[in-house]
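Reassemble the complex: the two chains are provided individually, in unrelated frames, and hints are given to aid placement.
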Amino acid sequence: MEPTNIQDPEYFHKVVDCQYACPAHTPVPEYIRLIAAEKYTEAYMVNWESNVFPGILGRTCDRPCEPACRRGRIEQEEEPVAICRLKRVAADNKGEVKHLMPTAPAQGNGKKIALIGGGPASLTVARDLAPLGYEIHLYDEWNKAGGMMRTQIPAFRLPESVLDEETGYILSMGIHTHFNHYVSSMREVLDKGYDAVFVGTGAPKGRDLELPGREEGAKNIHIGIEFLANVAFEHRHSIGKKVVILGGGNTAMDCCRTARRLGGEQVTVVVRSPFNTMKASPWEIQDAQREDIPIYNNMPPKEFVVKDGRLTGIVFEKVRVEYDDKGRRNLVPTGEPDVLMEADDVIIAVGQDNAFPWIERDLGIEFGRWDLPVLDKKTFQSTLPKVFFGGDAAFGPENVITAVAHGHQAAISMDLFCNGKDLLTDRPAPTTNLVRQKMGIHEWMYDSAVVNDDRYAVPHEEKTLALSNRKIEVELGFDVKTAFREAQRCLNCDIQTVFYTSRCIECDACVDICPTTCITFTANSEDEDELRSSLNMPALNKSQDLYVSGALPATGRVMIKDEDVCLHCGLCAERCPTAAWDMQKYFYGVTKATKIL
Amino acid sequence: MSFIKPQFHHPALPKNKVGYTKADYEGSISTLCAGCGHDSISAAIVQACYEIDLEPHKLAKISGIGCSSKTPAYFLNNSHGFNSVHGRMPSVATGAYMANRDLIYLGVSGDGDTASIGMGQFVHAVRRNLNMVYIVMNNGCYGLTKGQDSATADVGSINKEGSENPFQGIDLCSLAIELGATFVARSFSGDKHQLVPLIKAAMSHPGFAFLDVISPCVTFNNNKGSTKSYDYVREHIDATSELDFVPIHSEITIDYEEGKSVLAPLHDGSLLHLHKLAAGWDPTDRKSVIDLLQTAKSAGDIPTGLLYLDMNTRNLHDLMKTAKKPLNSMNESELCPGGAVLEGINAGFR
Ligand SMILES: Cc1cc2nc3c(=O)[nH]c(=O)nc-3n(C[C@H](O)[C@H](O)[C@H](O)COP(=O)(O)OP(=O)(O)OC[C@H]3O[C@@H](n4cnc5c(N)ncnc54)[C@H](O)[C@@H]3O)c2cc1C
Ligand SMILES: Cc1ncc(C[n+]2csc(CCOP(=O)(O)OP(=O)(O)O)c2C)c(N)n1
Ligand code: SF4
Ligand code: SF4
Ligand code: SF4
Ligand code: SF4
Ligand SMILES: [Mg+2]
Numbered sequence: 001m002e003p004t005n006i007q008d009p010e011y012f013h014k015v016v017d018c019q020y021a022c023p024a025h026t027p028v029p030e031y032i033r034l035i036a037a038e039k040y041t042e043a044y045m046v047n048w049e050s051n052v053f054p055g056i057l058g059r060t061c062d063r064p065c066e067p068a069c070r071r072g073r074i075e076q077e078e079e080p081v082a083i084c085r086l087k088r089v090a091a092d093n094k095g096e097v098k099h100l101m102p103t104a105p106a107q108g109n110g111k112k113i114a115l116i117g118g119g120p121a122s123l124t125v126a127r128d129l130a131p132l133g134y135e136i137h138l139y140d141e142w143n144k145a146g147g148m149m150r151t152q153i154p155a156f157r158l159p160e161s162v163l164d165e166e167t168g169y170i171l172s173m174g175i176h177t178h179f180n181h182y183v184s185s186m187r188e189v190l191d192k193g194y195d196a197v198f199v200g201t202g203a204p205k206g207r208d209l210e211l212p213g214r215e216e217g218a219k220n221i222h223i224g225i226e227f228l229a230n231v232a233f234e235h236r237h238s239i240g241k242k243v244v245i246l247g248g249g250n251t252a253m254d255c256c257r258t259a260r261r262l263g264g265e266q267v268t269v270v271v272r273s274p275f276n277t278m279k280a281s282p283w284e285i286q287d288a289q290r291e292d293i294p295i296y297n298n299m300p301p302k303e304f305v306v307k308d309g310r311l312t313g314i315v316f317e318k319v320r321v322e323y324d325d326k327g328r329r330n331l332v333p334t335g336e337p338d339v340l341m342e343a344d345d346v347i348i349a350v351g352q353d354n355a356f357p358w359i360e361r362d363l364g365i366e367f368g369r370w371d372l373p374v375l376d377k378k379t380f381q382s383t384l385p386k387v388f389f390g391g392d393a394a395f396g397p398e399n400v401i402t403a404v405a406h407g408h409q410a411a412i413s414m415d416l417f418c419n420g421k422d423l424l425t426d427r428p429a430p431t432t433n434l435v436r437q438k439m440g441i442h443e444w445m446y447d448s449a450v451v452n453d454d455r456y457a458v459p460h461e462e463k464t465l466a467l468s469n470r471k472i473e474v475e476l477g478f479d480v481k482t483a484f485r486e487a488q489r490c491l492n493c494d495i496q497t498v499f500y501t502s503r504c505i506e507c508d509a510c511v512d513i514c515p516t517t518c519i520t521f522t523a524n525s526e527d528e529d530e531l532r533s534s535l536n537m538p539a540l541n542k543s544q545d546l547y548v549s550g551a552l553p554a555t556g557r558v559m560i561k562d563e564d565v566c567l568h569c570g571l572c573a574e575r576c577p578t579a580a581w582d583m584q585k586y587f588y589g590v591t592k593a594t595k596i597l
Numbered sequence: 001m002s003f004i005k006p007q008f009h010h011p012a013l014p015k016n017k018v019g020y021t022k023a024d025y026e027g028s029i030s031t032l033c034a035g036c037g038h039d040s041i042s043a044a045i046v047q048a049c050y051e052i053d054l055e056p057h058k059l060a061k062i063s064g065i066g067c068s069s070k071t072p073a074y075f076l077n078n079s080h081g082f083n084s085v086h087g088r089m090p091s092v093a094t095g096a097y098m099a100n101r102d103l104i105y106l107g108v109s110g111d112g113d114t115a116s117i118g119m120g121q122f123v124h125a126v127r128r129n130l131n132m133v134y135i136v137m138n139n140g141c142y143g144l145t146k147g148q149d150s151a152t153a154d155v156g157s158i159n160k161e162g163s164e165n166p167f168q169g170i171d172l173c174s175l176a177i178e179l180g181a182t183f184v185a186r187s188f189s190g191d192k193h194q195l196v197p198l199i200k201a202a203m204s205h206p207g208f209a210f211l212d213v214i215s216p217c218v219t220f221n222n223n224k225g226s227t228k229s230y231d232y233v234r235e236h237i238d239a240t241s242e243l244d245f246v247p248i249h250s251e252i253t254i255d256y257e258e259g260k261s262v263l264a265p266l267h268d269g270s271l272l273h274l275h276k277l278a279a280g281w282d283p284t285d286r287k288s289v290i291d292l293l294q295t296a297k298s299a300g301d302i303p304t305g306l307l308y309l310d311m312n313t314r315n316l317h318d319l320m321k322t323a324k325k326p327l328n329s330m331n332e333s334e335l336c337p338g339g340a341v342l343e344g345i346n347a348g349f350r
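As they're listed, the protein sequences go chains A and B. At position 169 of the first sequence the residue is numbered 169 (the numbering used here), and the sequence of numbers has no breaks. At position 126 of the second sequence the residue is numbered 126 (the numbering used here), and the sequence of numbers has no breaks.
Here chain B stands alone, though its shape is the one from the complex (with noise of 0.2 Å):
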């Protein structure tokens, strides 16, 4: 077994815009199991981070607790980060968000994390609209705790016991629609194609962008009769559109279809397209996506891509009116103006 990775890496490896190679967003070897879809998702936010150019110091990852949870240790070594407690990454996230609004946060969790013990956290984290990325590793099961079935299990899953999962599974994203969410989106682990563009744009969105990334646990949902397997997701899988991310100042070069595709401006200047539409679906439409939603839950099928996108988001911040500079750079009188201050604002109550 390796417990370290080898320092040597491609002699070609290119280098982007701040001067790191890919490898240079990674982190320690991984302790997961052999295969596990939370790896190919550390990959791809690896890929993504790489590709936008980020300054590793420029972000911070947050998490609870669960296989997926601890992925964090994984990727970006070089960024901040906190491994917090089942299911309150969300209350950690919004007090760091709260003190330093110019990082980009990075909530990671699990579908146990956030759907069972952590939901009244989550669903709160939705409404106020914190500016992060928020991404469920969703195996359907509670991994780390060797593969009790979670509440996104579909009803009718059959777990490595053979037993039948008897409960309405929780479906993430309609949820969070539902909770007013302004960047919605599933993928699959094992689907880089449309991961890495779909981890880069919620990246650039100025508001809560909510990934619900199915992500199979090889060791205790990888079994026939489980929904949330390699084989099952391939074959059921179906993406609602093809995804082009396309950087600040870059060329369009694809010609798309009139009225087929969606072109989203994304909060940096660089666009997200979307072409090949499924059909009666427009990404900027609510009931349309719900419709879509409840339409392929009943055909059994399991729709992808960037499910949901409104750009007219207000964040916490600017619903709270706080200072515009991170605690951090204030100084001492800032942060404490002192009793005259104080009396102040007490005198504004009275």
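The following block holds chain A by itself, in its conformation from the complex (with noise of 0.2 Å):
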């Protein structure tokens, strides 16, 4: 294999599996390292630069990088760092930040700019803009800023408080807000002038079930972000006693959770597929089990049964699972009687679309597949060069990190679009650098030593106090100590292990030390297979680079590292009596509009 080019920025960006991971890139062990230092201002700054929500991101986020995580790799029990959830102890723990905060200048630059949706993505945008001169102009059908981290993230799981922060020291760069003001046409949104404009209008339609009854019992049956929002702008106060929810994701999780604290006694959730396929979040799911919501799988709705004009209950199928000849998943009826639930409501929560029916056909926004704009990936710029599209409005329902991702890249095109200049060749490249670590013969800059302990938990509210209001926060954030002692359990990957060719002597040391075997020295080959199947330990992860040298001075062979399970403990670098191996610390940064920190 050809040496492995470290000066590609993506090489050791993709060692850092929890920031590679994180749609916004977030750099994770930085901030987990400031968090262990108790220095919960700066790491909630370094969120802050990525995310734009740490508070909010610290509660609620997907945490696609947590799956990543390489601690979950290292043992079969051991789980990942509780990265979401230490993110949450900056937010709740920092001190002043809003005069690190950059402000908009006095003077503007003289452009316009539109922002449809005042959810995370359109925000994102703001901020990254607003410091350039930019006069932003926010369009928003509610009364706030947030979109649906305030209409539809429960308020058990996101207090108003910590959105109303977050979102304020965006509004606060001098945005104009437009509140209240549900925009119908695009045309009259291009007539105004702007610059640039950015559609962050989320996919507002829930999925509806066309069941026999559902007129019928219309009154009580509910679109679950329909229902969401209701409760959340206090249009609705209660629900009945027995409550059904069908679909097995995050929303139906938040809207029987949702239920129990409107007053529903049997809140029972059903999904028509089998459990280890649900779509919500493990800890989503296990957190409405706690109270004591039931959740039944492989039963598919037939119809609602309606006495006297009134909803009284459900009927559903059994059914389990076949897959055909071409892997298909089938839903089989298994002949078993079918169910029958009593429900005072059902809530239908199996899904959203995008809808765009304020957005004019001939305007030369082109729409392709399920209605969805036709997009530059990159640029995140339309058929219409004008006019970008971000967060779940772009390629359909996402999560807030990536909206806030998306919001980061649309910011940059459009800035570059409004002075001119290329959307691709003229990107800006990810800022990186890399740091050496050693202070003494053996020491380092950053605690290199591995510790063995399980992931802490994080604390919850009483059951019942927490069930008795909807905006008592279950969650309760770890203390500082157990903080310390999550972030401990950080394998700083983002220490990379940098080999330099020239100064090995091959005395095997590194190999005899690595706790992990990660270390061959061997002939090279052309073939990749052939050599991951013949280290020391085979390197059967293929989503994870190995590391190759060139040709070593004494023996022509080379030194492969195999990245997979590497502990980024230091060992090889202080066994080196030659210091072929250094630690030294990577910075990736996705580099922003505005310069933040």
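Hints were generated in silico from the structure; no laboratory data involved. A couple of the hints might just be wrong.
Claimed, not checked - So these bits of chain B aren't anywhere near chain A, every CB distance computed over 12 Å:
| id | residue |
| --- | --- |
| 1 | Ser-174 |
| 2 | Arg-314 |
| 3 | Gly-348 |
Unchecked claim - Not everything, but these chain B residues come out facing chain A in the computed CB check (under 7 Å):
| id | residue |
| --- | --- |
| 4 | Met-1 |
| 5 | Lys-5 |
| 6 | Gln-7 |
| 7 | Phe-8 |
| 8 | Ala-34 |
| 9 | Gly-35 |
| 10 | Asp-53 |
Backbone N, C-alpha and C define an ideal beta-carbon position, used for all residues, glycine too.
In structure tokens form, the structure reads like this:
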């Protein structure tokens, strides 16, 4: 194999599994170390630069970083670092931060931008562009900013005060807000002469189920996201005692837990498919189960039962899963009798769709499959050059952190566009830096010792109290002592093992000490698979790279390191007599339209 | 500086027949200098013990004093061990071996510990044919006391200060053969491919198995002009044969060229296969081995591999017809049969 090109910014980035998996590429180990050092404000700002909503995300993030966390690969039972909940620790314990944030300049740059929708995607664009002097107009149909973070995520998971604080940081950058303003015509927006327009209107349409009885029982059959919005805006305060929720995603989990708090005593979730294929995050399912909400699987709904004009229940079929020749999943009836479940109310939470009824189709904005806009995946530009999309509106429903990541990229595109630059060739490269960590002969600037602790659990509010009021937050967050211990579990994957081929004398010391058998000295081969299987421990996880050196001076062999289960413990570098291994901290930052830190 | 090893290992680490992973044969984190050859030998011992499915409690490690003699702390943490006095490892090993013949004895020593202060002990351990593996981690200097030339330093070798060694070096392999050792090998810490099968074979040899392992001292004897540096050894090394350890009941899969290979049956039924033999050398013929060593010496080569092997070996217990049972498994009446028995013995001498 060719020697690894460590100059490629993505090589070491990929080694930082969590950061690589984070859509916004938050420098996770950096903020975790700051938390361990009790530098909560700094940890908050590292987050804020990347993900804009550390307090919100520290409670609600979908955390794609955690399944990617190296720690989860090291041992079977081992669990990832509680990356998300540590983020909350930074937010909970930070000091004053407003003065660390950029402000809008007194003199604008003369350009005007419209943001349609006030969710995380639009707010991110606003944050990144306001300090550059753009005049920013934000439109949302509701009376406050936040989008689905406010209308959908229930208050017992995300207190309003946290939302107000973090949306407030952005709005106070001189954003012109147009709340309670549903934009019903894109043509009108374009006619106002904005230099660029960003569409961050989300995926606002909840799917329905056309089953017998749907119309007759309409009064007690609700669409999940409408139900949650009505609760959030205090339009609804109660629900029947027996409530059935249809659907197995996170919306279903929020609906059932909300129903429990509005008076639902017998709240049940029914999913058409098996438990292990449910879309909801495992922790959301656990939280629902903890609140005495049973989940029934393999039961698709058949009809709503309506008596005397009032919904009384819902009938389910029983199915099992079968796979056909092509590996496609089919739900096949088992032949068992149907099940009738009594219900005063039914909530349908089976997915969301995009909807752009307000965008006229003759403006040059093309739409493709599923009525989604045709976009450049990197620049988020639509087929009408001054119009950009991001968040759920771009490629369908995702999550807050994805919306933020889109917002950053769209902001860069819009700034380039407004300055007449090329959106691709003038795009800024990521900011990277590699810094030696050596302090003495065998001392490192980072805490290299690997602790054995299991993942710490976040404490929860007492159940009866939590269920008594929908605004009582269930999760209490780590206290700082537990946070420190949890932070110590992080393996510092950004402290890279950097190999200097010409210094190596092939003494084998690194091979002998490496606790996870990552390093092999061997004859090179063209065939990567052959090399992978011939290492001291075969490198079978192909999603992880091999770090290959050039030919070694003494024998012409090569050093091959499997990045997969490296603990970043620094022992190879400590045992190397010639400093052929060095531990160096890699910083990777997605460049933003405005330099924040 | 790390003082403890992380407890995590590769999640797919395989287990051997007795249910242990390689990591189960490791010891505490080494305190030797970074890059010391001794650490590689420790790693080879770990690998060998893992591969022969050793139950760790069936082995005793015994050492003297020196960086080399410290290494038993860095491998086989679950085995027995005795870190003795400078040069006195053979006496302690003899005592332990007499008391319990059922253990594998792994003696670990340095060139100072063996060829200087311990020479008197070493030679007797060889000629008594203790059933043990005796490894000398040979760096040509006294590493622990800051690198003075040892008795195995070659004449003319230059030390770190730049002075040339005026004295003849002792060749421990020739000496061991001279004294009747029946398994004599030389290897290099940087060649695990050769070292691991040698250690495995030595452990199944039923008599005194001697391994002289050249092991560079990176701190005091890895300079230009030293004949025990990584570079010098790599350049002058000359494997006398290729080596395969064939465990019990496994098939021989390689076709060996006739007349150019030696098949040595080992004590436990396993086989040691030597092939691609050096010209004019037969590892079972003492004279040819001495010739080989002498020729290499004058040419400045370092022959490695299994140099000499004699399967017809009778170890100390056989020679002295001692009890088969370990002393610790005998009860008081067996160990102390009483006055009447003593009387009988005394009477036998009258
Ligand atoms: C029940 C539920 C729970 C969720 N929980 C989580 C969670 O825990 N973690 C997570 O990461 N994600 C969660 N999500 C997903 C997350 O909320 C969204 O992915 C994210 O908010 C999308 O952000 P956005 O900026 O694209 O748009 P949105 O947040 O959807 O914001 C769009 C805004 O635009 C407004 N709007 C739409 N059309 C117009 C118009 N024509 N004129 C004016 N205003 C308009 C909408 O009313 C809305 O306020 C959840 C979603 C749901 C439904
Ligand atoms: C009786 C006695 N004399 C002298 C010493 C000092 N001493 C300690 S180690 C050592 C030499 C060790 O050399 P070697 O066996 O080659 O070990 P190395 O450190 O080179 O591995 C000496 C002379 C001692 N510890 N005890
Ligand atoms: S161990 Fe730390 S740095 Fe590594 S992936 Fe997990 S959280 Fe990220
Ligand atoms: S840092 Fe070095 S010694 Fe530690 S696990 Fe990674 S490769 Fe192995
Ligand atoms: S410890 Fe250093 S010199 Fe020795 S083999 Fe490893 S990289 Fe090379
Ligand atoms: S002094 Fe020499 S022998 Fe001793 S540990 Fe250091 S390198 Fe090894
Ligand atoms: Mg020595």
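Of the hints given before, which are not true for this structure?
-> 10
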